[in-house]
Amino acid sequence: MSEKRATREALGETLVELANEGVDVVAVDADLSGSTTTAKLAKAYPDRFFNVGIAEQNMIGTAAGLAVEGKVPFTGSFAVFATGRAYDQVRNTVCYSNLGVKLAPTHAGITVGPDGGSHQMLEDIALMRVLPGMRVLVPADYVAAKAAIRLAAVTPGPFYIRLGRAGVPVIYGDDYAFELGRARVLREGVHVTLAACGVMVEQALAAAEALALEGVNAEVLDVSTIKPFPAEQIAASARKTGAVVACEEHSVIGGLGSAVAEALGELAPVPLARVGVRDVFGTSGEPAELMAHFGLTADDIANAARELLKRKK
Amino acid sequence: MTDAAQVAAIEARAARMRYEIVEMIAEAGSGHPGGSLSAADIVASLYFGVMKHDPLRPDWEERDRFVLSKGHAGPVLYAALAEAGYFGHDNLKTLRKLGSILQGHPDSNKCAGIEVSTGSLGQGLAIANGMALALRMDANPARVFCLLGDGEMQEGEVWEAAMFAAHHKLDNVMAIVDHNGLQIDGACDSVMCLGGVAEKLDAFGWEVREVGGHDVEDLLKALTEPPMTEGVPVAVVAYTIKGKGVSFMEGDAGWHGKAPDAEQTTLALAQLAEALEGGAR
Ligand SMILES: Cc1ncc(C[n+]2csc(CCOP(=O)(O)OP(=O)(O)O)c2C)c(N)n1
Ligand SMILES: [Mg+2]
Chain A
1 MSEKRATREA LGETLVELAN EGVDVVAVDA DLSGSTTTAK LAKAYPDRFF
51 NVGIAEQNMI GTAAGLAVEG KVPFTGSFAV FATGRAYDQV RNTVCYSNLG
101 VKLAPTHAGI TVGPDGGSHQ MLEDIALMRV LPGMRVLVPA DYVAAKAAIR
151 LAAVTPGPFY IRLGRAGVPV IYGDDYAFEL GRARVLREGV HVTLAACGVM
201 VEQALAAAEA LALEGVNAEV LDVSTIKPFP AEQIAASARK TGAVVACEEH
251 SVIGGLGSAV AEALGELAPV PLARVGVRDV FGTSGEPAEL MAHFGLTADD
301 IANAARELLK RKK
Chain B
1001 MTDAAQVAAI EARAARMRYE IVEMIAEAGS GHPGGSLSAA DIVASLYFGV
1051 MKHDPLRPDW EERDRFVLSK GHAGPVLYAA LAEAGYFGHD NLKTLRKLGS
1101 ILQGHPDSNK CAGIEVSTGS LGQGLAIANG MALALRMDAN PARVFCLLGD
1151 GEMQEGEVWE AAMFAAHHKL DNVMAIVDHN GLQIDGACDS VMCLGGVAEK
1201 LDAFGWEVRE VGGHDVEDLL KALTEPPMTE GVPVAVVAYT IKGKGVSFME
1251 GDAGWHGKAP DAEQTTLALA QLAEALEGGA R
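Protein chains in written order, with the numbering used here: chain A, 1 to 313; chain B, 1001 to 1281.
One or more hints might be untrue.
Taking lysine-lysine and the DSS-like style, the derived pairs with C-alpha atoms no more than 25 Å apart in a straight line are [claimed, not checked]: (1) A:Lys4 / B:Lys1052; (2) B:Lys1097 / A:Lys43; (3) B:Lys1097 / A:Lys4.
Here are the computed distance ranges between Cβ atoms for each label pair [claimed, not checked]: (4) B:Asn1109 / A:Leu267: 35 to 45 Å; (5) B:Leu1098 / A:Arg187: 29 to 39 Å; (6) B:His1167 / A:Asn98: 33 to 43 Å; (7) B:Met1163 / A:Arg187: 56 to 66 Å; (8) B:Gly1196 / A:Glu179: 48 to 58 Å; (9) B:Leu1098 / A:Thr155: 34 to 44 Å; (10) A:Asn20 / B:Gly1130: 44 to 54 Å; (11) A:Ser2 / B:His1167: 54 to 64 Å; (12) A:Arg278 / B:Ala1112: 23 to 33 Å.
Computed footprint of chain B on chain A; a stretch qualifies when at least three of its residues, placed anywhere within it, have a C-beta under 8 Å from a C-beta of chain B [said to hold, decoys possible]: (13) 72-85; (14) 284-296.
What the hints contain is simulated information worked out from the structure, not anything from laboratory work. Idealized CB from N, CA, C, for every residue including glycine.
Just chain A, same shape as in the assembly (with noise of 0.2 Å):
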């Protein structure tokens, strides 16, 4: 079993990186600097760092005044208060102004555990990418999320990174790079294309073993990027196999399942489905615990790849 490290670990050791190669960047943090990780710039770089206090809405606010100036901001907070309680700040400040504001918010998703549905944001991604000029990154790995972040400090305009809260293995060695708009094919295939994002990479790698022992050639796609989204190659990959299983730990409503239904619908019409939460807040539970409940796991995948390869023409 490979290594396991959270997401949002990424975040405070890339911003010290950038800081120590002379990217000009900040952190803005909103009384959760320890757990989002910025607290390590904060230690590194205290000139770099502001803390709100308990005020989000501030916290994009400020940011966006630094990104103004032509400072390179990253804001932190966890993803239910950074895109919820801040979206009027993140729509009308950060993306009409076309300012280069980093969000890179962590705990999103159910593996936050057991704070339960008021921490377990599930409809960030579906918010941020309605959001003109705004780009989305799910990183799957350690390794992915500090490319992502690296790729945001260098690029003008506003990001969205969504970090997570849990450990995930890395799959990803140190040449990695990320490419806006670009999925990544980690298994070939030819039966049916699973296209995943954040920590359903993990679960969707597992179900192709699981498929694999059963004769089925699942095509394995990272789509980290999910604005600007992938669409003639999920579509290439859709044509090759016929059938695609979108998996998310986020709503099924608005996110990769509907990014793909909109790029299927519209370049490739074939079988679909969507393996995500059904439309309903999270719970308290562990992790794992809520990964089955919420049909999340590489089984649950495995699953919809049967039907759906029923379904096949």
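Dock chain B with the ligands against the given chain A, drawing on the hints supplied.
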């Protein structure tokens, strides 16, 4: 109205609640002990000395309402609700577990006695105001008590709501600030200086009562006396100690949001058990 026997009875309730707070968070393996313990005397005073309520009729129209704006302190509310008889004490063991009525943050759809779900800080006072407005429209004499954290006062919505309550003369709403001086990243005044919560609320048009938040007698007085001027909402700023009752948690921001391990739990429960016995003075 506040006699010594009543005060002692409430102190005993608060002591039991503290014991249960630590016990349930330890059992859950996660949760927020610091801000639950700091609020125990306030919440015990409300539930057992101030509020009109009936555990057998959680929907009783004339009940006084409680909004836990600082929702992460759910365990203090759960302990009070169990003490009052809204549900069995055995439920406390299920805190934060899959299928529990006691979610990581209070969920009004899962647990009787919880008026509204909270957990996203800064929103409770606006909700309480709305409830108070509706009660006034319906000529319902019930009151609404809203408990906020001091760090929580950094949220802008709190001050929008503070302005609103004074403007609309909502003297049936009461804001109580658990002023323990700490939040997650450290002391409130180092994270984002609050600069005089009492003075600020006063400037927003509230009648402010400052009180020791672990002195039940004073709390009862502050929480029950009618406003000095009709139509002026009352805020009780209660000075408390975060982690109150557990020596190694007191005044340490590190105990905001983590569960004690087995050894720490034994030590904490021993201290709280001692307080329980001493409480029946
Ligand atoms: C909108 C929002 N932002 C951030 C958090 C994360 N959070 C939970 S508790 C807390 C600190 C609260 O401090 P305070 O209000 O002083 O509470 P207390 O000391 O009474 O525990 C924070 C930042 C949250 N729950 N809601
Ligand atoms: Mg506090």
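Hints and how they fare:
1. About 52 Å separates the Cα atoms of lysine 4 (chain A) and lysine 1052 (chain B), which puts this hinted pair outside 25 Å; it is violated.
2. At roughly 35 Å between alpha-carbon atoms, lysine 1097 (chain B) and lysine 43 (chain A) are farther apart than 25 Å, so this suggested pair is violated.
3. For a cut-off of 25 Å, the pair hint linking lysine 1097 (chain B) to lysine 4 (chain A) stands: about 24 Å separates their Cα positions.
4. Range check, asparagine 1109 (chain B) to leucine 267 (chain A): Cβ separation about 41 Å, and the 35 to 45 Å hint holds.
5. Under the hint 29 to 39 Å, the C-beta atoms of leucine 1098 (chain B) and arginine 187 (chain A), about 32 Å apart, fit the expected range.
6. The hinted window of 33 to 43 Å between histidine 1167 (chain B) and asparagine 98 (chain A) holds, with their beta carbons roughly 37 Å apart.
7. Under the hint 56 to 66 Å, the C-beta atoms of methionine 1163 (chain B) and arginine 187 (chain A), about 58 Å apart, fit the expected range.
8. Checked against the hint of 48 to 58 Å, the C-beta distance between glycine 1196 (chain B) and glutamate 179 (chain A) comes to roughly 52 Å, which is consistent with it.
9. Roughly 40 Å separates the CB atoms of leucine 1098 (chain B) and threonine 155 (chain A), a value that falls within the hinted 34 to 44 Å.
10. Our hint of 44 to 54 Å for asparagine 20 (chain A) and glycine 1130 (chain B) holds, since their Cβ atoms are close to 50 Å apart.
11. A beta carbon spacing of about 59 Å between serine 2 (chain A) and histidine 1167 (chain B) agrees with the range 54 to 64 Å that was offered as a hint.
12. About 27 Å separates the C-beta atoms of arginine 278 (chain A) and alanine 1112 (chain B), a value consistent with the hinted range of 23 to 33 Å.
13. Note: the stretch 72-85 of chain A has 4 residues with beta-carbon separation from chain B under 8 Å; the three-residue rule is met and the coverage holds.
14. For the stretch 284-296 of chain A, the stated coverage by chain B holds: 6 residues have a C-beta nearer than 8 Å to a C-beta of that chain, and at least 3 were required.
When each numbered hint is compared with the structure, violations occur for hints 1 and 2.
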